[in-house]
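J.: Sequence:
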Amino acid sequence: MTFVPSAINTNRKRIIIASRKSDLARLQAYAVGEALQKHFSELEVEYRFRESLGDINLQDPLWKMPEKGVFTEDFYKDLCEHKVDLVVHSWKDLPVEEKSFTVIAGTLHRADPRDVLLFKKTSRNKSQLQFFSSSPRRIYNLESFFSWSLPWSVAAIKFTSVRGNIQTRVKKLMQSTEIDGLVVAKAALDRLLSATREEFQETKSFLRGVLTELDFQVLPLSENPTAAAQGALAIEVARDRTDILDLVKKINQDEVYHNVSIERLELKKHGGGCHQKIGVTVINKKPFSLFFLRGLTEQGVILNQRKIFTPMAENVFTEEKKFNDYEVHKNLIKILKPLSFELPYVSSGSSVGLLVTKAEAFGNDSDSKVDLKALLSEYMIWTSGLRTWKKLSQLGIWVSGSFESLGEEESPELETLAPKIQWFKLTHSQGKKSSWAKKIETYEISYEEPENRKLNLQAESYYWSHGELFKKYFEKYPELKNKVHVCGVGSTYKTLCQYVDPIKIQVRI
Numbered sequence: 464m465t466f467v468p469s470a471i472n473t474n475r476k477r478i479i480i481a482s483r484k485s486d487l488a489r490l491q492a493y494a495v496g497e498a499l500q501k502h503f504s505e506l507e508v509e510y511r512f513r514e515s516l517g518d519i520n521l522q523d524p525l526w527k528m529p530e531k532g533v534f535t536e537d538f539y540k541d542l543c544e545h546k547v548d549l550v551v552h553s554w555k556d557l558p559v560e561e562k563s564f565t566v567i568a569g570t571l572h573r574a575d576p577r578d579v580l581l582f583k584k585t586s587r588n589k590s591q592l593q594f595f596s597s598s599p600r601r602i603y604n605l606e607s608f609f610s611w612s613l614p615w616s617v618a619a620i621k622f623t624s625v626r627g628n629i630q631t632r633v634k635k636l637m638q639s640t641e642i643d644g645l646v647v648a649k650a651a652l653d654r655l656l657s658a659t660r661e662e663f664q665e666t667k668s669f670l671r672g673v674l675t676e677l678d679f680q681v682l683p684l685s686e687n688p689t690a691a692a693q694g695a696l697a698i699e700v701a702r703d704r705t706d707i708l709d710l711v712k713k714i715n716q717d718e719v720y721h722n723v724s725i726e727r728l729e730l731k732k733h734g735g736g737c738h739q740k741i742g743v744t745v746i747n748k749k750p751f752s753l754f755f756l757r758g759l760t761e762q763g764v765i766l767n768q769r770k771i772f773t774p775m776a777e778n779v780f781t782e783e784k785k786f787n788d789y790e791v792h793k794n795l796i797k798i799l800k801p802l803s804f805e806l807p808y809v810s811s812g813s814s815v816g817l818l819v820t821k822a823e824a825f826g827n828d829s830d831s832k833v834d835l836k837a838l839l840s841e842y843m844i845w846t847s848g849l850r851t852w853k854k855l856s857q858l859g860i861w862v863s864g865s866f867e868s869l870g871e872e873e874s875p876e877l878e879t880l881a882p883k884i885q886w887f888k889l890t891h892s893q894g895k896k897s898s899w900a901k902k903i904e905t906y907e908i909s910y911e912e913p914e915n916r917k918l919n920l921q922a923e924s925y926y927w928s929h930g931e932l933f934k935k936y937f938e939k940y941p942e943l944k945n946k947v948h949v950c951g952v953g954s955t956y957k958t959l960c961q962y963v964d965p966i967k968i969q970v971r972i
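Residues in the sequence shown are numbered consecutively from 464, following my numbering.
Derived by calculation from the structure, the hints in this document are not laboratory data.
Every residue gets a Cβ at the ideal spot worked out from N, C-alpha and C, and that includes glycine.
All the given hints hold, so there is nothing to weed out.
Okay, the calculated beta carbon distance ranges per label pair:
| id | residue 1 | residue 2 | range |
| --- | --- | --- | --- |
| 1 | S909 | F669 | 50 to 58 Å |
| 2 | S813 | Q857 | 24 to 32 Å |
| 3 | L838 | E878 | 24 to 32 Å |
| 4 | Y808 | Y910 | 29 to 37 Å |
| 5 | I798 | A618 | 36 to 44 Å |
| 6 | K957 | F669 | 38 to 46 Å |
| 7 | Q857 | K883 | 25 to 33 Å |
| 8 | L918 | K621 | 46 to 54 Å |
When you get a sec, could you build the whole thing from the sequences and use the hints?
T.: Next comes the structure, spelled out in C-alpha cells:
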C-alpha cells in the first residue's frame, strides 16, 4: 500500500488528536492532549472522534473477527495522509506486528493492568454461575481461579460472550436475570470513575450507582495475567512526522513503554491476537520488574511462568539459578498467642477495609466460637497473600483482592472502586507498620528452636518467610552474613538488605 502524504504542517502550535468515540477512548485522548499542553503551554489541540469497525460490528466476538486491529486500523490511513497528527489507542487493541508507515511513539502512565470481577450481590451462594466475558484468555485462566476465590462451593461456571463499551456491558449485566458477573479491565473502570469532565458525569454516576449492587474481586496477576499492554495507552504517529515525534518524546513514560514492549514481544512469539488464551504482564516493584505469563498456546502448550528482572542483575540473583533451600521456619515450633482487640466501627455510608496478613489474625478458627463470616460482612477484605485468601474463602468470607505476597508498601489501588475507604492492618505484634493502614495487633508470634533442631550452618541457602525471624537468627548466628539467602520481593527483602550484601540474596515470586 502506497500513501501520498499531504504537506506536513511544521507549526507546532496546533495539533489534531484522533481516537474512537467511546467515553473511554475520548478520556484517553484528552489525557494525551493535556499531557502535551502541560509541556507545551502554547499548544492548541483539536480532537477528532469517530467509530471504528470494532465499534460498528457488535455481534461477533472480537476473536472471531477476521480483521486485525478492528478498533485501530481505520485510523491508519488518516495518519499516513497527515489528516491527523496522532492517534490515541488502548495499546492492547493494536496488532503485535509493526506497521510500515507509523510507529507507537510513546505512552503515558499505565493504569492498573489487572482484571476485575463485578458480581451481583443477589447471586451469592449460587452453585451454577454465568459470567459475561468474550476473552479466551480470561475464560481459560479464570475457571480454576473462581473455583476457590468465591467463598462457597461452585459446581459450574459458564462464560457468555458480550460486546460493547464498559457502560453497555455493565447495563447488560444488570438487566440480565441469568448472568451473575462480568469480568472487565480495572483500568477502564478506574479511568471512567475518576473522570472530571462534565461530558463523562452521566457515565460516572451510572457506574457509581451500580457498584452499590455489586461485589468485586480484583484478579491476581499470578493467577490471571492480563492481555498484553492492558491499562496502557499507545500514541501512534506517522514515521515521517519528526515534528510530532519530538513532541511525544517529551511525555513518553520510558519504563511503561519498556514493560509493554516485553509483553507484546512475548505475545508475538505465540502468534499474537485477541483469540489467544494467553495472558502476560510485567509490573515494577522497585528495584525489580516482575513477569507473569499464563495460558494455553494454539499448539496445546501450557504456559505458566514467573520471572524477576532487575537493574542490579550483577548483584542480585534471579530465578535462573536455584538453590536447595533450608526453610528455617519449618525447623521451628511456632507459638501463637491471641490478643484482645476490637475491629473498627463501620458507620452508615462509610467504607472500612481490613488487610489480613495471615488467617491466624483471627486466632485458631477451630477453637473460636466467633462467626467470622458474619463478623467481617461489613468490611472490605484484602489479603497479603493468596494462601490467606484461600483460607478465608473456605470460611465463607468474601475477599476483594490480594497483594500476592509482593509487598504492602502501597495501598490496594481501590480509590475509584471504593472511594474514601479507611484501611486497617490485622497482624501480629511485631508486624510491620504501614503508611496507609492503621495497625491492629491481633496476636503474638514466637518461635522455639528445639535442641535436636539446631540451625544447619552448612546449608546451601536459607529461605526466610519474614524479616523478624531472620533478625532473631542473625543475632544468634552472625556468620549468616556470609551465606546465601532467599526471600520474596516485599519487606523481608528490605530487612535482609540491612544485614546482608544484596549479592547474597536471591529473590523469588
